[in-house]
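Heads up: the sequence lines are chains A and B, in that order.
Everything in the first sequence is counted per this note's numbering, starting at 1 for the first residue and increasing by one.
Everything in the second sequence is counted per this note's numbering, starting at 1001 for the first residue and increasing by one.
Take the hints with a grain of salt, since some may be wrong.
Straight-line C-alpha distance at most 25 Å; calculated SDA-like pairs for lysine to any residue [claimed, not checked]:
no.	chain 1	residue 1	chain 2	residue 2
1	B	Lys1029	B	Cys1211
2	A	Lys82	B	Arg1186
3	B	Lys1082	A	Asp177
In case anyone wonders, no lab produced these hints; they're calculated from the structure.
There are 2 protein chains.
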Amino acid sequence: MGEIKVIKVKQSVLANNDLRAAKLRAELKEKGVYFINVMSSPGSGKTTLLVDLINRLKDKIRIGVIEADMDAVVDASTVKEKTGVKTIQLNTSGECHLDAKMTNEAIDMLDVSDLDLVILENIGNLVCPAEFDTGANANMVLLSVPEGDDKPLKYPLMFTRGDFFVFTKMDARVVFDFDVEKAKQRIRNVNPDATFFPVSAKTGEGMEELCEFLRNKVAR
Amino acid sequence: MGEIKVIKVKQSVLANNDLRAAKLRAELKEKGVYFINVMSSPGSGKTTLLVDLINRLKDKIRIGVIEADMDAVVDASTVKEKTGVKTIQLNTSGECHLDAKMTNEAIDMLDVSDLDLVILENIGNLVCPAEFDTGANANMVLLSVPEGDDKPLKYPLMFTRGDFFVFTKMDARVVFDFDVEKAKQRIRNVNPDATFFPVSAKTGEGMEELCEFLRNKVAR
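So here's chain A without its partners, still in its complex pose:
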């Protein structure tokens, strides 16, 4: 009986979150702002990828960044320092996910009136962030080569929720076995429409293809 109660609360929390996320998405559409939610494991290279992406895109697209962490500010400082774009830090005080209420507040604080693209770097976690719609137009999910091509088998919800997938640290294949085709197939099994970008922010491999894709998304 206790369990039934918990599930009901969770369903209502998620339903309320969905409404709020849809409202935020509509508001951003009206303002002409495209909003991307970036999710992955800890240490899969989100911040490094974003710094490189932003520096390639920022001359043509006006970008703002929301960096989420439980209680650190290290990523926001890095992004601000290395790209110069408008960046704010969102701390969750130990919570393992962001919901649409938190991102809505962060977007208000960021002030998106002069932006084309907002990038949210979510908490490094393959479980909880996937449960909550943040109000983003698209979920970009990173899987790094050292993590292994079996992760889609073990964290299916995250790989279902992604709209496009970036395989990061492709240069590390000199020391790690990572079968790109196996990874793609395992993701397609739960997400048939997935798009893939194998990249290395270190060598630049694949970065232009990803930039081109994002430029087209923002231009729509």
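Start from chain A and add chain B according to the hints.
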């Protein structure tokens, strides 16, 4: 007011869990079983490390393994196949953590009467698993070289809760910057008594030191 309610529920959930964990620990002590809870990010090499560790220890110590995943069985099959020790799979149906009730059920199912050491491979996640005492005697936390030496800054609770820390994939330092001393210092800042083992299951570096440490723990 809503928030206060939620916190109270969580406190009571955690208090109940602590009691259950303490009871499980006492029961295992009586049976002469040492119980280790292994936590880390997804893809940091828990399964690979455990397979190598178990194969080095299994002739002298009787070992059983509990593999936790949200809904896969891939790790349990790997461990069973590559080590031959008694292994069971614990699925959490999407939950991001294990609590003492779940581990207690798994330990009953495993049957520990003929074991010296039980190893629990927790869900790959640096946030939620740290919140719950599983009843283990010690928390072994892995940090892999590709994740970066800044993770202790960003997931402080996990690095506070660890009893000993294994830096994995040390062979990958040919492609990744990872400052072992910085990582140690950042962990010591939240956890002054931490012990460290830099290892590579691939090259064998550091594995004997870790085995020796575990043999001594089990012998006590």
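Outcome of the hint check:
1. For the suggested pair Lys1029(B) and Cys1211(B), the alpha carbons sit about 21 Å apart, so the restraint of at most 25 Å is met.
2. Proximity of Lys82(A) to Arg1186(B) is assessed by CA-CA distance (about 23 Å); at most 25 Å being required, the pair is judged to hold.
3. Under the criterion of a C-alpha separation no larger than 25 Å, the hint pairing Lys1082(B) with Asp177(A) is consistent with the structure, at around 18 Å.
Checked against the numbered hints given earlier, the structure satisfies every one of them.
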